[in-house]
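Full structure from sequences and hints, please.
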Amino acid sequence: MKKLLYSILIIVIILVAIILFRTSMAEDYQPAVRTTELRVQPLDSAANRLGEAIQFKTISHHPAMMDLEAFNGFGAWMRESYPGIFHTMEVDTVGTHTYILHWHGVTSENPILLMAHQDVVPVDQSGTSEWKADPWSGQIVDNYVYGRGTLDDKGSLVTILEACEALIRSDFQPARDIWFVFGQDEEIGGANGAELAAAWLEEKGLRFDWVLDEGGIISSGIIPGVESPVGLIGTAEKGYISIDIEANYEGGHSSMPKDTNAILVLADAIDRLSASPFEPTLEGPMEGFLKYVSPHSGFTMKMAANNQWLLKSVILSTYMKSPSGAALVRTTWSPTITRAGIKDNVIPGKAILTCNSRIMPGESAESVLQHYKDALVGLPVTISIHDDLGIDPSPVSAYDSEAFEYIGATARTTFADENLIVAPYLVLGATDGRQMYSVSDKVYRFYPFMYESDDLSRLHGLNERVGVEAIDNAIKFYIRLISELPEA
Numbered sequence: 001m002k003k004l005l006y007s008i009l010i011i012v013i014i015l016v017a018i019i020l021f022r023t024s025m026a027e028d029y030q031p032a033v034r035t036t037e038l039r040v041q042p043l044d045s046a047a048n049r050l051g052e053a054i055q056f057k058t059i060s061h062h063p064a065m066m067d068l069e070a071f072n073g074f075g076a077w078m079r080e081s082y083p084g085i086f087h088t089m090e091v092d093t094v095g096t097h098t099y100i101l102h103w104h105g106v107t108s109e110n111p112i113l114l115m116a117h118q119d120v121v122p123v124d125q126s127g128t129s130e131w132k133a134d135p136w137s138g139q140i141v142d143n144y145v146y147g148r149g150t151l152d153d154k155g156s157l158v159t160i161l162e163a164c165e166a167l168i169r170s171d172f173q174p175a176r177d178i179w180f181v182f183g184q185d186e187e188i189g190g191a192n193g194a195e196l197a198a199a200w201l202e203e204k205g206l207r208f209d210w211v212l213d214e215g216g217i218i219s220s221g222i223i224p225g226v227e228s229p230v231g232l233i234g235t236a237e238k239g240y241i242s243i244d245i246e247a248n249y250e251g252g253h254s255s256m257p258k259d260t261n262a263i264l265v266l267a268d269a270i271d272r273l274s275a276s277p278f279e280p281t282l283e284g285p286m287e288g289f290l291k292y293v294s295p296h297s298g299f300t301m302k303m304a305a306n307n308q309w310l311l312k313s314v315i316l317s318t319y320m321k322s323p324s325g326a327a328l329v330r331t332t333w334s335p336t337i338t339r340a341g342i343k344d345n346v347i348p349g350k351a352i353l354t355c356n357s358r359i360m361p362g363e364s365a366e367s368v369l370q371h372y373k374d375a376l377v378g379l380p381v382t383i384s385i386h387d388d389l390g391i392d393p394s395p396v397s398a399y400d401s402e403a404f405e406y407i408g409a410t411a412r413t414t415f416a417d418e419n420l421i422v423a424p425y426l427v428l429g430a431t432d433g434r435q436m437y438s439v440s441d442k443v444y445r446f447y448p449f450m451y452e453s454d455d456l457s458r459l460h461g462l463n464e465r466v467g468v469e470a471i472d473n474a475i476k477f478y479i480r481l482i483s484e485l486p487e488a
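Sequential numbering of the sequence shown, starting at 1, is according to my numbering.
In short, the hints are calculated from the structure, not lab data.
Take the hints with a grain of salt, since some may be wrong.
[To be verified] Subject to a maximum C-alpha distance of 25 Å in a straight line, what follows is the list of computed BS3-like cross-link-like pairs (lysine-lysine):
#1 Lys132 / Lys57
#2 Lys312 / Lys343
#3 Lys291 / Lys321
#4 Lys350 / Lys258
#5 Lys291 / Lys302
#6 Lys258 / Lys343
#7 Lys312 / Lys302
#8 Lys291 / Lys258
#9 Lys321 / Lys350
[To be verified] Label-pair distances were calculated between CB atoms; the ranges are:
#10 Asn248 / Ile8: 52 to 62 Å
#11 Leu459 / Asn72: 25 to 35 Å
#12 Glu90 / Ser313: 35 to 45 Å
#13 Leu379 / Ser242: 37 to 47 Å
#14 Leu9 / Gly378: 45 to 55 Å
#15 Pro122 / Leu389: 18 to 28 Å
#16 Gly349 / Glu52: 48 to 58 Å
#17 Val468 / Thr382: 21 to 31 Å
#18 Glu227 / Ser313: 23 to 33 Å
#19 Asp142 / Met25: 18 to 28 Å
For every residue, glycine included, the Cβ atom is placed at its ideal position computed from N, Cα and C.
Listed below in structure tokens is the structure:
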């Protein structure tokens with residue numbers, strides 16, 4: 001017995017030694033902060049111009065409902081506000097209002113592509129009185145620009161334009177060609193905007209060294225155990241599918257109910273799906289995220305991240321404790337719509353449940369559909385894809401590339417005073433960037449604005465706003481991104 005206990009003790013000591021050694025040897029993957037001076041300063045009154053941009057109600061609707069006057073007006077405003085850009089760059093249009101701009105560099109080899117979108121989501125009219133400023137005014141209140149689109153995505157669009165205009169006025173020419181795509185319908189899928197732009201670029205034979213669109217944010221306090229603000233650079237985005245589950249069962253009068261009915265069948269379906277969650281994983285963007293963040297986190301997370309051979313389950317269980325964490329490590333499912341019944345005393349003969357899933361890289365719309373079918377096998381239901389729309393997750397762009405390091409270093413240099421760290425990230429929503437894998441295998445997503453604690457709730461919501469200082473820093477980010485771009 002003593003020999004057994006002694007052997008166990010030796011094994012434990014060896015395991016602890018290995019864990020501590022691997023933890024102490026954790027490599028810091030953060031790109032170096034550059035020491036270069038900012039080539040030009042942002043132009044005056046940039047926040048006012050963002051406010052003007054907000055005043056155009058470029059709302060995403062069904063294409064037939066598109067407000068052409070608003071989009072025409074916004075296009076004219078861009079030309080008037082940024083004359084240097086539209087004098088210097090070649091401009092093409094696809095769809096009705098998606099603009100493709102081409103800024104000729106010293107060489108056309110290894111061009112890059114920057115993206116943003118003009119369209120915004122609607123404002124809930126019943127809640128406009130709760131806004132601190134009119135959502136379409138672009139008014140500056142207490143050093144914040146208020147209005148729909150300040151965060152998503154006219155903030156990106158205007159700060160890109162501001163950076164380019166400032167550089168052009170200083171007679172700057174980029175080291176390589178830079179292309180821009182400003183889409184018109186990102187909020188409803190991008191079919192008449194970025195998708196057409198990608199086809200246009202591919203037809204021209206263009207291949208981009210890398211692409212940067214909106215996506216990951218900068219924020220403090222969002223990563224447990226990490227005190228520094230973290231810039232999340234999206235290397236992939238989840239897919240999207242909604243599933244219709246239909247039950248048909250004999251209805252009748254509610255005074256004489258049978259043991260089951262169509263609604264109860266769907267209740268059983270919900271129970272089964274709840275008992276059959278998708279398996280969590282740390283592969284893909286999360287693997288890179290842990291590599292970049294763990295050296296700057298508390299000891300427990302650092303230890304777990306660098307000893308996944310033994311402690312992967314600890315990491316997964318930690319992320320599974322919160323809805324936001326769970327969404328990063330597994331495909332999600334949630335019931336979102338139910339349709340059944342016509343009268344309170346009539347048992348319906350048909351009931352339909354719609355569930356939405358956001359799909360992890362490594363899975364597909366087809367595999368998620370099969371998961372639903374497997375979980376509900378034997379139930380008297382029919383299962384189909386809602387609206388015949390299933391979007392696979394994007395490919396995963398490399399985070400060990402020169403492109404990722406350059407974008408990350410630019411962010412860290414811009415926000416050096418805040419001691420920013422960067423990390424690869426899985427974007428949970430959809431962006432126009434997913435359309436661009438036909439013209440580049442390195443598509444990244446980053447929104448260079450410092451989010452405050454309650455800004456996520458403002459996105460698409462009440463009192464959407466962005467700080468004047470944050471606008472200035474975002475312009476500086478794009479000035480550096482463009483002016484410090486290395487030669488091809």
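Hint check results:
no.	hint	verdict
1	Lys132 / Lys57	holds, 18 Å
2	Lys312 / Lys343	violated, 51 Å
3	Lys291 / Lys321	holds, 21 Å
4	Lys350 / Lys258	holds, 15 Å
5	Lys291 / Lys302	holds, 9 Å
6	Lys258 / Lys343	holds, 17 Å
7	Lys312 / Lys302	holds, 12 Å
8	Lys291 / Lys258	violated, 57 Å
9	Lys321 / Lys350	violated, 36 Å
10	Asn248 / Ile8: 52 to 62 Å	holds, 60 Å
11	Leu459 / Asn72: 25 to 35 Å	holds, 27 Å
12	Glu90 / Ser313: 35 to 45 Å	violated, 54 Å
13	Leu379 / Ser242: 37 to 47 Å	violated, 19 Å
14	Leu9 / Gly378: 45 to 55 Å	holds, 51 Å
15	Pro122 / Leu389: 18 to 28 Å	holds, 21 Å
16	Gly349 / Glu52: 48 to 58 Å	holds, 56 Å
17	Val468 / Thr382: 21 to 31 Å	violated, 54 Å
18	Glu227 / Ser313: 23 to 33 Å	holds, 26 Å
19	Asp142 / Met25: 18 to 28 Å	violated, 47 Å
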